[in-house]
Every structure is written in structure tokens, then in C-alpha cells.
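Protein chains in written order, with my numbering: chain F, 1 to 348; chain P, 1 to 248.
Derived by calculation from the structure, the hints in this document are not laboratory data. Quick caveat: nothing in here was measured; it's all calculated off a predicted structure. Heads up, some of the hints might be wrong.
[Unchecked claim] Below are the DMTMM-like pairs computed for lysine to aspartate or glutamate, each with C-alpha atoms no more than 25 Å apart in a straight line:
#: 1; chain 1: P; residue 1: Lys-79; chain 2: F; residue 2: Asp-238
#: 2; chain 1: P; residue 1: Lys-194; chain 2: P; residue 2: Glu-31
#: 3; chain 1: P; residue 1: Lys-79; chain 2: F; residue 2: Glu-307
#: 4; chain 1: F; residue 1: Lys-343; chain 2: P; residue 2: Glu-196
#: 5; chain 1: F; residue 1: Lys-343; chain 2: P; residue 2: Glu-147
#: 6; chain 1: P; residue 1: Lys-79; chain 2: P; residue 2: Asp-231
#: 7; chain 1: P; residue 1: Lys-194; chain 2: P; residue 2: Asp-231
#: 8; chain 1: P; residue 1: Lys-167; chain 2: F; residue 2: Glu-230
#: 9; chain 1: P; residue 1: Lys-79; chain 2: P; residue 2: Asp-121
#: 10; chain 1: P; residue 1: Lys-167; chain 2: F; residue 2: Asp-238
One-letter residues, chain by chain:
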Amino acid sequence: MSTGQIGGQPPNPRGIFGPKKQGREALLNALVLLGLVIVPLWAVMADEPFTITLVTRAVIFALAAVGLNIALGLGGLVSLGHAVFFGIGGYAMGILAWHAQNYVPLFEWPVLFEGTKSMPVIWAVAVLASALAAFCIGLLSLRTSGVYFIMITLAFGQMFYYFAISWARYGGEDGMSIYVRNGFPGLNTLDPIQFYGLCLAALLLGLLLHARLRRAPFGLALNAARQAPERVRAVGLDPLRLRLLAFTLSGAITGLAGALFADLNRFVSPTMFSWQLSGEFIVFIILGGTARLFGPVVGAVLFVLMEHWLGALTEYWHIGFGALLLLIVLFGQGGVIGLIAGKARAHD
Amino acid sequence: MTEILSTRGLCKAFGALTATDDVSLTLRAGEIHALIGPNGAGKSTLIAQIGGALSPDRGQVFLDGEDVTALPVPARARKGLARTFQISQLAQQDTVLQNVLLAAIGAARQPWRFWRPALSDAALRGRAEAALTRVGLEDHAATVTAELSHGQRRLLEIAVALTLSPKAFLMDEPMAGLGAEGAARLVPLLRDLKAEAPILLVEHDMDAVFALADRISVLVSGRVIATGTADEIRRNAAVRAAYLGDAA
Chain F
1 MSTGQIGGQP
11 PNPRGIFGPK
21 KQGREALLNA
31 LVLLGLVIVP
41 LWAVMADEPF
51 TITLVTRAVI
61 FALAAVGLNI
71 ALGLGGLVSL
81 GHAVFFGIGG
91 YAMGILAWHA
101 QNYVPLFEWP
111 VLFEGTKSMP
121 VIWAVAVLAS
131 ALAAFCIGLL
141 SLRTSGVYFI
151 MITLAFGQMF
161 YYFAISWARY
171 GGEDGMSIYV
181 RNGFPGLNTL
191 DPIQFYGLCL
201 AALLLGLLLH
211 ARLRRAPFGL
221 ALNAARQAPE
231 RVRAVGLDPL
241 RLRLLAFTLS
251 GAITGLAGAL
261 FADLNRFVSP
271 TMFSWQLSGE
281 FIVFIILGGT
291 ARLFGPVVGA
301 VLFVLMEHWL
311 GALTEYWHIG
321 FGALLLLIVL
331 FGQGGVIGLI
341 AGKARAHD
Chain P
1 MTEILSTRGL
11 CKAFGALTAT
21 DDVSLTLRAG
31 EIHALIGPNG
41 AGKSTLIAQI
51 GGALSPDRGQ
61 VFLDGEDVTA
71 LPVPARARKG
81 LARTFQISQL
91 AQQDTVLQNV
101 LLAAIGAARQ
111 PWRFWRPALS
121 DAALRGRAEA
131 ALTRVGLEDH
141 AATVTAELSH
151 GQRRLLEIAV
161 ALTLSPKAFL
171 MDEPMAGLGA
181 EGAARLVPLL
191 RDLKAEAPIL
201 LVEHDMDAVF
211 ALADRISVLV
221 SGRVIATGTA
231 DEIRRNAAVR
241 AAYLGDAA
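So here's chain F without its partners, still in its complex pose (with noise of 0.2 Å):
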């Protein structure tokens, strides 16, 4: 059995517009894009801050979502602690930030280190640390599949949440605030469109590595562990090993998002560890469509939008997004993409 269910080519067959829709996923997916560009820009000259910031906070879920991707889409692994890794990057963060602001040693042995105001070394903390706990929580959850892994990357998810709550040096359940965004060499981060600018790289890099990554042998023997795990260890590899580092690199790119999500509120939590953001970044993808590459993005920027504009209406818009999430999962088993662009082919 694979680890997990969910994941793969969606089985309807040709999406609600009829047959021969297989150009319109690219066509799909540089709207997305052209919109991902256009939007802000027009926001800047409409003097809309606001919107910069909810586009922002839309591609930093999609790049959180892009990371779990690998996981879920490529290797079929429904983690349900997704969040951690978000929220340690959140707290990478936080913790270099609010030491080096306020101006107390992070450690002073065997060099002093104040923490650190950069975002590039901040990043790269975020990366290491996540990946390293991702590392280590695969290790000990990737031997489980199906209810029990969903289960326990829960169960880890749960003791990282808690572990932040009683944190007190760093905020506890109160959180920790940043006073001033951290810098990038050569930018004005202050400047939300310039931050933005950051935050769409981060993701188009994150969907370039997945594009690659699902074509290369790695990825083609990553989504075949998922399909028919026998066979893969008898042409000689190791399903677990393959899945090991498909969690890895997937918690290190979430981890970014993370590090990124903390900079736009400049404020981290211990919500970013909740158990429910897991749930939302599963939901980003089901939502676009899994195993597609511009899923999670779809997913996220639609749950962003839905958030703002039915959380405007009313503060029960969970339970609308709730029957819409239901109908795509009834009826278009590809996701938002899959009833708008039909079913995938298989990669190539």
C-alpha cells in the first residue's frame, strides 16, 4: 500500500467543457500568473495597499502549499502536520529578529551572535530548520501509511503547537512582534510591492523545482513508490528513502513560506503550528487540483479571496466555503483546474 490516498491524476475524465481541453491548463495556468503580476501593480497605482497584502498573503500560502505538493501530489503522503514546518520557519524568524532588535545575544559561544535583521540569512535558518524536522518526522512517521501517517504527523503537529505555547522567552501563546520587517539586500522591504516581489520569486522558484522535480528520475520514481511501491523496490530502490527526502525538500520549502508569512504580519504565533493551517494547506490543493503543478497555487489564491470577501459578509463564511469545497470534491475530482482544463495527462 502507498502511504496516503489522495494524490495523483484525478479520474474525471474530461472536465466540464468536454474533450480536447489539454492546452488549457498552460493557458490556465499564465492567467494565474499574468494575474499574479497585473494585480499588484495595479494595486500600486490605485494607491491599494490592502490588496498587496492580501496577494501577498495569498502566494506565500501557495508557495507553503507548492512545498507540501511534493509530498502529497508526487509522493501521495497526506501530512497533516504541514504546519510545523510553517511554523518553524515562523519562529526562525521571529527568534533571529527579536533577539538582534532587542539587541540581547542569541548565543555568545563560540562567536557572538546577536541574531540577525536579514532575510536572506534568516531563509536560509528557516530552510535548514525545517528541513532537519522534517527530516527527523519523517524518520519516524514514514514507516506508517494511510489514517495512521495522517495521524501522527497530527500527533507532531499537536506537540509543536503545545511546545510554542509554553515557549515563554519567545511570547508563548502571546507570540512574538517584529517591529520593522526584516531587510533584503539591495530592496526597500518596507515597500509592500517590493516585499511582494520577494514572496512571487520565492513561489515561481518553488514551481519550477516541483516542474523539474516531477519529470526527473526522482520525481518519476517518487510517483511510482506512490502507485506501486512492490515494483519500485524490485528494480532496486527503496520507497522510504524516496519518500524521506520528498518530505524533506516539502518541509524545507514550506518553511520558507513560513519565514515569509512571519515578515508580512511581522508577528509570529503559535497558530502558525495549528493543526488547522495543516488543513487549509491539504485544502489549497484539493481545492486547485492535486497533482497538478499550478494546484496548490489556484487553491490558495481562491481560499485568500474567499476569506476577504465572504469574511466581509459574514464571520460564518467558513460554512460557504465549506459547500463549495464540497461540490469541487463531488463533482471535479481534478480540483478548480480539473473542471476548468479536464484531466491531466500523464507527465512527461
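Following the hints, put chain P in place on chain F, whose structure we already have.
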């Protein structure tokens, strides 16, 4: 003759049930050695121990002179043991070519490559396509595996094993579900393959077994009760009594 694959005194029990009882088999270079036996004789358990999915209680498995008893499935595959499955184990959502490419990636030990598409690697692709041509599936390279007929899937199973350029084949009922006509088409292919690497063949189709096998071993209640050529097995009284019945 050189022994490529052999077992020595393999024993495996599940509780009170002895599934494998002191089995010693040899597979020599260039031969097809068929393993037959009634349902419940312990063929699948034996295959699992030879392939590495199950460890024996006692006894050893040797591949090309090396004791591989302690090695797991992937390590035995890397040592040159290629198996096919009774129930096809294929990536159903992938194309036919991708399934053989997987074997090429395994054989080349190159799964840790993350950037260049597997399809544009000429070495991997050449190896995979050669195997497809060998079994006659070259026109279906781009077909999604789930859309293949049952017979084509059986051929793809063999193509995947072939891509590994193994020292020995371990084939678990390659003709399962094929029918007389389909089985007849596999016979010349298997006969052709044994020159490349010897085949340990577990098969229910008696016509195919007697047409193909250089030697036959008969497994009954976990024990090998006879090993010999097709003629010897046909004449063997114990085999007739225990397995083939008087009709054979």
C-alpha cells in the same frame, strides 16, 4: 553447469503450518526451471523468500555464488535478481515508457537526480525502449498503463524485469489470466529470454511449462518431491499420484 541462483535447505513455518520444508533448488545458466505444484503447495511463500520479501526460518539463498539471505528486496534486485509479479505491479497512471524508465533508473542506480527530465536522458531512455521493443510494446510507449489490455500488462511486467539486465529472472505466473492464445504467444519470448538470464518460472499453465522448462520441480506441501526434465516428471509416479493425477 554454473548455478546462478540456488536455495539451500529453506524452511518457513507460519505457526503450525510448514509452508516451506527444506527446499533446495538450483537455477543454472541458460535454463528455464519451472516450479509447479497444486494450490497451497507453498509456491508464493517460496518465491517471496527467494525475492527477499520474506525471510526464511532456516536455510540460505545464493545469487551468483553470494549468500543474499539477509538482503532486502531492493538489494537483491541490485545484485541482479529481476522478478515479475503474479498480479501486475505497475504504475497505472504512468505511461508504458515511464514504467520501463523506472527500471532503467533502478538499474543505473540514479534515482537521486532532480533536474533533468528522465525522458530526455538518452542512456536511460535507450535502455527502456530496447526492452519495450523486445516484448513488442514499442508502439504503446506513450499509452497510459491503465489503458493496456491484460495481456499487454503481462508483457510490460516482463519488459520491466528485462530492463534490469538481470543475472536471473524470477517469474511468478507470467501467464496468469492470459488464456491459451495469449500464453502461446509468451512461450517463444520466454524461450528467447533464457539465453540472456535463466528463468525460475512459477506457472500454472501446464502446456507452457512442459513446452518451455528444461527442468521442472514439483512442490507439494512445502516440499520438493521431484526435480527432473519434463519427461522424467511426466513418468514420476509420486508426482502423478500427488499432483498431476492419472489423467496426465
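Tell me the hint numbers this structure goes against, listed in increasing order.
3, 4, 6
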